[in-house]
Amino acid sequence: MSGAPTLALANVSKSFGAVRALRDVSLELFAGEAHALAGENGAGKSTLVKTLAGVHRPDTGQVLLNGEPVVFTGPADAQQAGVAVIYQEPTLFPDLSVAENIFMGRQPRRTLGRIDRKEMHGQARRLFERLGVALDPEQPSRGLSIADQQLVEIAKALSREARVLVMDEPTAALSGNEVARLFSVVEALREHGCAILFISHRLDEIFSLCQRVTTLRDGAWIASEPVAGLTHDDLVRRMVGRELGTLYPKEAAELGEVALQVDRLTREGVFTDVSFQVRRGEIVALAGLVGAGRSEVARAVFGVDRWDAGSVSVAGRPLPAGSPTAAMGAGLALVPEDRRQQGLVMELSIERNIGLTGLGSLRRGVTISRTAERDRAKDWAVRLQLKFARLSDGVGVLSGGNQQKVVLAKWLATKPSVLIVDEPTRGIDVGTKAEVHRLLSELAGQGIAVLMISSDLPEVLGMADRVLVMHEGRLTAELSRADATEESVMNAATGRAA
Amino acid sequence: MTTATAPPEQTTPARSARGLVDLVFRARELSLVIALAALVGVTASVNGNFLSGQGIEDILLNTATLALLAVGQSMVVITRNLDLSVGSVVGLVAFVTGDQLASGWGILPAVLLGVAIGAACGLINGLLVSFCRVPALVVTLGTLYVIQGIDHYIAHGRQINAVNLPPGLLSLGNGSVLGVPYLPLITLVIMVAIGYYLRSYPSGREFYAIGSSPEAARLAGVPVRRRILLAYLVSGCLAGLAGVLWLARFGTVIADSAHGWELLVVSAVVVGGVAITGGVGSVYGAALGALLLTTIGSALVVLRVNPFWQQAITGALLLLAISVDRVLALRLARLLRNRSRHG
Numbered sequence: 171m172s173g174a175p176t177l178a179l180a181n182v183s184k185s186f187g188a189v190r191a192l193r194d195v196s197l198e199l200f201a202g203e204a205h206a207l208a209g210e211n212g213a214g215k216s217t218l219v220k221t222l223a224g225v226h227r228p229d230t231g232q233v234l235l236n237g238e239p240v241v242f243t244g245p246a247d248a249q250q251a252g253v254a255v256i257y258q259e260p261t262l263f264p265d266l267s268v269a270e271n272i273f274m275g276r277q278p279r280r281t282l283g284r285i286d287r288k289e290m291h292g293q294a295r296r297l298f299e300r301l302g303v304a305l306d307p308e309q310p311s312r313g314l315s316i317a318d319q320q321l322v323e324i325a326k327a328l329s330r331e332a333r334v335l336v337m338d339e340p341t342a343a344l345s346g347n348e349v350a351r352l353f354s355v356v357e358a359l360r361e362h363g364c365a366i367l368f369i370s371h372r373l374d375e376i377f378s379l380c381q382r383v384t385t386l387r388d389g390a391w392i393a394s395e396p397v398a399g400l401t402h403d404d405l406v407r408r409m410v411g412r413e414l415g416t417l418y419p420k421e422a423a424e425l426g427e428v429a430l431q432v433d434r435l436t437r438e439g440v441f442t443d444v445s446f447q448v449r450r451g452e453i454v455a456l457a458g459l460v461g462a463g464r465s466e467v468a469r470a471v472f473g474v475d476r477w478d479a480g481s482v483s484v485a486g487r488p489l490p491a492g493s494p495t496a497a498m499g500a501g502l503a504l505v506p507e508d509r510r511q512q513g514l515v516m517e518l519s520i521e522r523n524i525g526l527t528g529l530g531s532l533r534r535g536v537t538i539s540r541t542a543e544r545d546r547a548k549d550w551a552v553r554l555q556l557k558f559a560r561l562s563d564g565v566g567v568l569s570g571g572n573q574q575k576v577v578l579a580k581w582l583a584t585k586p587s588v589l590i591v592d593e594p595t596r597g598i599d600v601g602t603k604a605e606v607h608r609l610l611s612e613l614a615g616q617g618i619a620v621l622m623i624s625s626d627l628p629e630v631l632g633m634a635d636r637v638l639v640m641h642e643g644r645l646t647a648e649l650s651r652a653d654a655t656e657e658s659v660m661n662a663a664t665g666r667a668a
Numbered sequence: 060m061t062t063a064t065a066p067p068e069q070t071t072p073a074r075s076a077r078g079l080v081d082l083v084f085r086a087r088e089l090s091l092v093i094a095l096a097a098l099v100g101v102t103a104s105v106n107g108n109f110l111s112g113q114g115i116e117d118i119l120l121n122t123a124t125l126a127l128l129a130v131g132q133s134m135v136v137i138t139r140n141l142d143l144s145v146g147s148v149v150g151l152v153a154f155v156t157g158d159q160l161a162s163g164w165g166i167l168p169a170v171l172l173g174v175a176i177g178a179a180c181g182l183i184n185g186l187l188v189s190f191c192r193v194p195a196l197v198v199t200l201g202t203l204y205v206i207q208g209i210d211h212y213i214a215h216g217r218q219i220n221a222v223n224l225p226p227g228l229l230s231l232g233n234g235s236v237l238g239v240p241y242l243p244l245i246t247l248v249i250m251v252a253i254g255y256y257l258r259s260y261p262s263g264r265e266f267y268a269i270g271s272s273p274e275a276a277r278l279a280g281v282p283v284r285r286r287i288l289l290a291y292l293v294s295g296c297l298a299g300l301a302g303v304l305w306l307a308r309f310g311t312v313i314a315d316s317a318h319g320w321e322l323l324v325v326s327a328v329v330v331g332g333v334a335i336t337g338g339v340g341s342v343y344g345a346a347l348g349a350l351l352l353t354t355i356g357s358a359l360v361v362l363r364v365n366p367f368w369q370q371a372i373t374g375a376l377l378l379l380a381i382s383v384d385r386v387l388a389l390r391l392a393r394l395l396r397n398r399s400r401h402g
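From first to last, the protein sequence lines stand for chains A and B.
For what it's worth, the working numbering labels the leading residue of the first sequence as 171, then goes sequentially.
For what it's worth, the working numbering labels the leading residue of the second sequence as 60, then goes sequentially.
Incorrect hints may appear among the rest.
Computed cross-link-like contacts, SDA-like style, restricted to lysine to any residue with a CA-CA straight-line distance of at most 20 Å [stated by the list, open to error]: (1) A:Lys288 <-> B:Gly263; (2) A:Lys288 <-> B:Leu110; (3) A:Lys288 <-> B:Leu237; (4) A:Lys288 <-> B:Tyr256; (5) A:Lys288 <-> B:Ser262; (6) A:Lys288 <-> B:Leu203; (7) A:Lys288 <-> B:Pro168.
Hints were generated in silico from the structure; no laboratory data involved.
For clarity, every value in this text was computed on a predicted model and none was experimentally measured.
With the hints as extra help, turn the sequences into a complete structure.
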């Protein structure tokens, strides 16, 4: 580890609109080292990866290649410089063959610049031999497992003689054997002089594969240090590192009967054997990492996606699979994760959005009564303290927090008995966040059962009466309010026994 | 989620999966040939004249323009786009070059003018789609009407008459060498050249890459916008050439030659196995699709079926082709998934 780092970021900042994704972040990758990048969801890891890949350009700060500043104007530049990135979702061409995927744009040529297919397949075969895997270069990449797709990506990196290999959560979708195979390949590359940047939520993998680790939190650099001296808990502390405030005012409420009962719910390949119940007046948090299957469970419960096995019942009555209409009829409401795409119709006005869920009750004869719609919107705007100029304004002009209130109003107007909220405060400023929390607490106090999916640990710990933790499609822990700590939740979420 | 597969066991299923995929795609062109053979066989058994020299020549001549347009269109469709303006380009070029030829231009300058007009239309389409990121459907629907409008403005109700055209042009349209008419020969040469380019050159493969996954193509450093622009340019140029060939074949044209052909071209491309979602198919398939649609038209005439049925049959064929594609793709995906799981 001497000389200039192969690739480095120096004091890089990057903002998207008002969101500061990276703040003054530095990172050095040396040849022959496997470097881990750790941080919670939303800490800025993906933005950092895309900066290295040439997809984003830093607002301030520099990218350094062998100590020299470089500017990547696009992904092609970064590839040219020897940076290969393997994204969490492999980016292959499903209709083209494995060999074509590896060599796109750099196919071996024969006379007149034509592609030498034989040579291309031969080279691909030799790459796979070097990696110790048996993939057929002439097979189309459609239908390959995620693990095999990643091997194709690695073969692509090898064929470019990449000097830096960035892997964004490569193990998220792999099984034990596949992870072992991937690691042996990565280890061999590292010994060969490659610099590896490895991102994983499985902390054990960081400890077994990497020499150094850089931690990010809320877009800021926290530490870069050797893995050797660290404990698992040290790392979690660096990733979480906040003091719990008194922002979260969940008041104890009288628990009523079971409102939502989910029994051994399974959707093949997505989540397995998920069972839990939520009582009236209770807030239950569903914690876990992105991709653990939390939102998918919520979607299945609400009927947006089908489930393969298990059952869901509301107030003791079973729900049919795959019917949002039946779910709404039974008193279920879902405030989805992505309010711009799933929660709101951005082109429509505030009042129209609030009215969407209950068009039936707004009907006078065969038409919708504009007066009834406006009255309903007015009523909810006051109750949720919505800040707006006119109810006929498009929801697009509202701030994130106020948009979230509109989504909430839309669903509360259906008078639900069970409210599922998916990341209710993502991208919302602190003040509005507290209002949303107060609101959820009030709703629970009125006897509504609340299931809250959240990646925000302090929110989970502050708001929830009980915490369910998911890891890779399974419930791994159920913690009471007293037992739930940042460490216990993170441990369960990263698949490590508490 | 897939279970782990030990490397040595993977070889067999992977290879047979490939064979399967190959079969499906070869089966597509094969099934076109079979359908064509059946159609010709049945029609010829009812009316022997169908297979006479003149009958075959007519079909080939009629196919030539459509297939040429289909070749250009398939390049665009392979990149997951669409060019609806080709019919209008044919109409405009046929009239404008006819006008010039009637006023004494030579054939070569007229062909160059036609191709240049086509290229200009293709350039506008391509720039709007690739650089301004307007959806292809909207852009080319717009240019369809604009070009048609210009065509009508220039024509102003006039007509180009065969008697005013140079005889050389008309013999290009209707003459033949060794019994094979010129027009299908021209189409054949262009089809083979473009098909070879798309298959054998690195930049040719990039068209497939873009259609297969635009995002992956961008991340792989493929010049996505330049390739899409090129696809529209080629489609425009070929539409321009087709316009001149149209004039050569028919001699007498009014403003709206090839009116409504854009949909026929798209049908030929889709029936020929080029996926409307991009990334799959070949110009050979597209040309075969054009041949099949044209042959159906001729066969219906010979069989004395009401010509109104022709449109219904074309439509039914299109639906059949698309549903078969969809079903096959789903089956294939499931099969491949199961194989990699149990392999």
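Right, here's what the structure says about each hint:
no.	hint	verdict
1	A:Lys288 <-> B:Gly263	holds (17 Å)
2	A:Lys288 <-> B:Leu110	violated (42 Å)
3	A:Lys288 <-> B:Leu237	violated (38 Å)
4	A:Lys288 <-> B:Tyr256	holds (17 Å)
5	A:Lys288 <-> B:Ser262	holds (18 Å)
6	A:Lys288 <-> B:Leu203	violated (44 Å)
7	A:Lys288 <-> B:Pro168	violated (43 Å)
Hint violations for this structure: numbers 2, 3, 6 and 7, all remaining hints satisfied.
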